[in-house]
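Can you build the whole structure from these sequences, using the hints too?
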Amino acid sequence: MAHPEVARGEEEHHGSAWPFVVAIGMAIGYVGLVSDLRLLVAGIVIFVGGVGGWVHADMQRPSSAFYGVVSAVESKFPRVSARKLAMWLFLATEIMFFSAIIGASWTLRLRTTIEGTPDFQGPWATPNQILNVPLTGLNTFILICSSLTMVEALSAAERGDQRKLKLFLTATLLFGILFLSIQAYEYNKIYFEEGLTFVSAPHEVNPLYGPTFYAQTGVHGSHVTAGVLGLAYVTRRAYKGGFTKENHEAVELAGLYWHFVDVVWIFLFTIVYLI
Amino acid sequence: MAETAVATRAPAAEHVRKRPYLLVFGTLAAVTAVELAITTPGYFPTIEATLRVVVLVTLSTMKASLVVAYYMHLRYEPRWLLLIPLGGLALVAVLVAALTGTSTHP
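In the order they appear, the protein sequences are chains H and A.
Mapping of the first sequence onto the working numbering: residues 1 to 275, in sequence order.
Mapping of the second sequence onto the working numbering: residues 1 to 106, in sequence order.
Rather than coming from a laboratory, the hints here were simulated on the basis of the structure.
Backbone N, C-alpha and C define an ideal beta-carbon position, used for all residues, glycine too.
A couple of the hints might just be wrong.
As the list claims (entries may be wrong) - Here are some, though not all, of the chain H residues that point toward chain A, as calculated from beta-carbon distances under 7 Å: (1) 39; (2) 80; (3) 83; (4) 95; (5) 101; (6) 103; (7) 135; (8) 140; (9) 147; (10) 170; (11) 171; (12) 208; (13) 212; (14) 247; (15) 266.
Stated by the list, open to error - Some chain H residues near chain A, calculated using beta-carbon distances under 8 Å: (16) 78; (17) 107; (18) 148; (19) 270.
See the structure below:
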């Protein structure tokens, strides 16, 4: 990959319009999700195009992460780099995103499970009635293990221990893939064998049990998938010697996102599976 | 007693990298086991449904706080950074208030 030259005396700028394209694509996609399949497809196309354009624009910058070791960029705030600040801001929006979905699911549950009220649609499933709680307990444990290996990877990077950095990143990646595999197995089992679909539920359980279950765990699963892809990128860079004792911010940022996804699961496991 | 507590806490405040990652991991695993035991019929004295929900939500909040404080290093970051996730949670509080309003029947 050719490294782009910076024109002499020209300031490198970090502004980009592509995030707006990504956001518009997502908005259209979500509208399509609840209205028209064609809008959904259009939204996905715009979203993917936006991500592609953004990555392409980023590759034109000489300081891009694609060209090797990247040092942390100072922010205007003390002791927190620009990228870390951006990651925390992003995670704050993620808190709101997940809260909206969990909140909507709880509202539906509370409204439609009280017998004798006009909105009553049937009882909620009890734990273990449809879902396999011990299996998901194991999956929760796997995600906790992956958080430990992730934080150990960062710790290894801080010490400059390349061998352990690669080892722990690989372990985290494998735990993430294992989590997704078990979730895929679970989805397959409860959808096709138990008959919990998007519109109906077995054993006269409330038909809203299915859609709220798939919405909450599916959105989380897609975040784990994104995390696995991010981790794969970071792990690949670690194997190519892309991190040093001084420069390893990507490991920390990938870790922040990964732990956040773990935090969301801690709540989802309790809310969806145990209560 | 008080002196020992101060002595064990002091290194964490400095930039010493010995952080209680394994201890946090052990606690997370143990609390998850307790949550599973509470909800598995026959493994735990039956507790009243509402109390069980309160206990489970409290335990999961505890677990999440541990991950955020130690694995996401929020405990070791400048104090003001805490304002960002708290800002998100403040808007969540508004959402919960709004949703609670809609879920009560006239």
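A quick look at each hint next to the structure:
1. A least Cβ separation of about 26 Å between residue 39/H and chain A goes past the 7 Å threshold, and the interface hint is therefore violated.
2. Interface hint status for residue 80/H: upheld, as the beta-carbon distance to the closest one in chain A is roughly 6 Å, under 7 Å.
3. Interface restraint check for residue 83/H: the shortest CB-CB distance to chain A comes to about 13 Å, outside 7 Å, so the restraint is violated.
4. Interface hint at residue 95/H: satisfied, since its Cβ lies 4 Å from the closest Cβ of chain A, which is below the 7 Å cut-off.
5. Nearest Cβ of chain A to the Cβ of residue 101/H: about 11 Å, over the 7 Å cut. The hint is violated.
6. The criterion of a C-beta within 7 Å of any C-beta in chain A is met by residue 103/H, whose closest approach is roughly 5 Å, and the hint holds.
7. Interface restraint check for residue 135/H: the shortest CB-CB distance to chain A comes to about 11 Å, outside 7 Å, so the restraint is violated.
8. Taking 7 Å as the C-beta cut-off, the interface hint given for residue 140/H holds, the closest approach to chain A being about 6 Å.
9. Checking residue 147/H against chain A: minimum C-beta separation of about 5 Å stays under 7 Å; hint holds.
10. Taking 7 Å as the C-beta contact cut-off toward chain A, the hint placing residue 170/H at the interface is violated, the least distance being around 18 Å.
11. Nearest Cβ of chain A to the Cβ of residue 171/H: about 13 Å, over the 7 Å cut. The hint is violated.
12. About 13 Å separates the beta-carbon of residue 208/H from the nearest beta-carbon of chain A, more than 7 Å, and the hint is not met.
13. Checking residue 212/H against chain A: minimum C-beta separation of about 13 Å lies over 7 Å; hint violated.
14. The beta carbon of residue 247/H is not positioned within 7 Å of any beta carbon in chain A (closest approach about 17 Å), and the interface hint is therefore violated.
15. About 5 Å separates the beta-carbon of residue 266/H from the nearest beta-carbon of chain A, less than 7 Å, and the hint is met.
16. A least Cβ separation of about 6 Å between residue 78/H and chain A falls short of the 8 Å threshold, and the interface hint therefore holds.
17. Look at residue 107/H: its Cβ gets to within about 5 Å of chain A, closer than 8 Å, so that hint holds up.
18. At about 4 Å, the closest approach between the beta carbon of residue 148/H and any beta carbon in chain A falls short of 8 Å, and the interface hint on this residue holds.
19. At about 4 Å, the closest approach between the beta carbon of residue 270/H and any beta carbon in chain A falls short of 8 Å, and the interface hint on this residue holds.
Of the hints listed earlier, those the structure fails to meet are numbers 1, 3, 5, 7, 10, 11, 12, 13, 14, in rising order.
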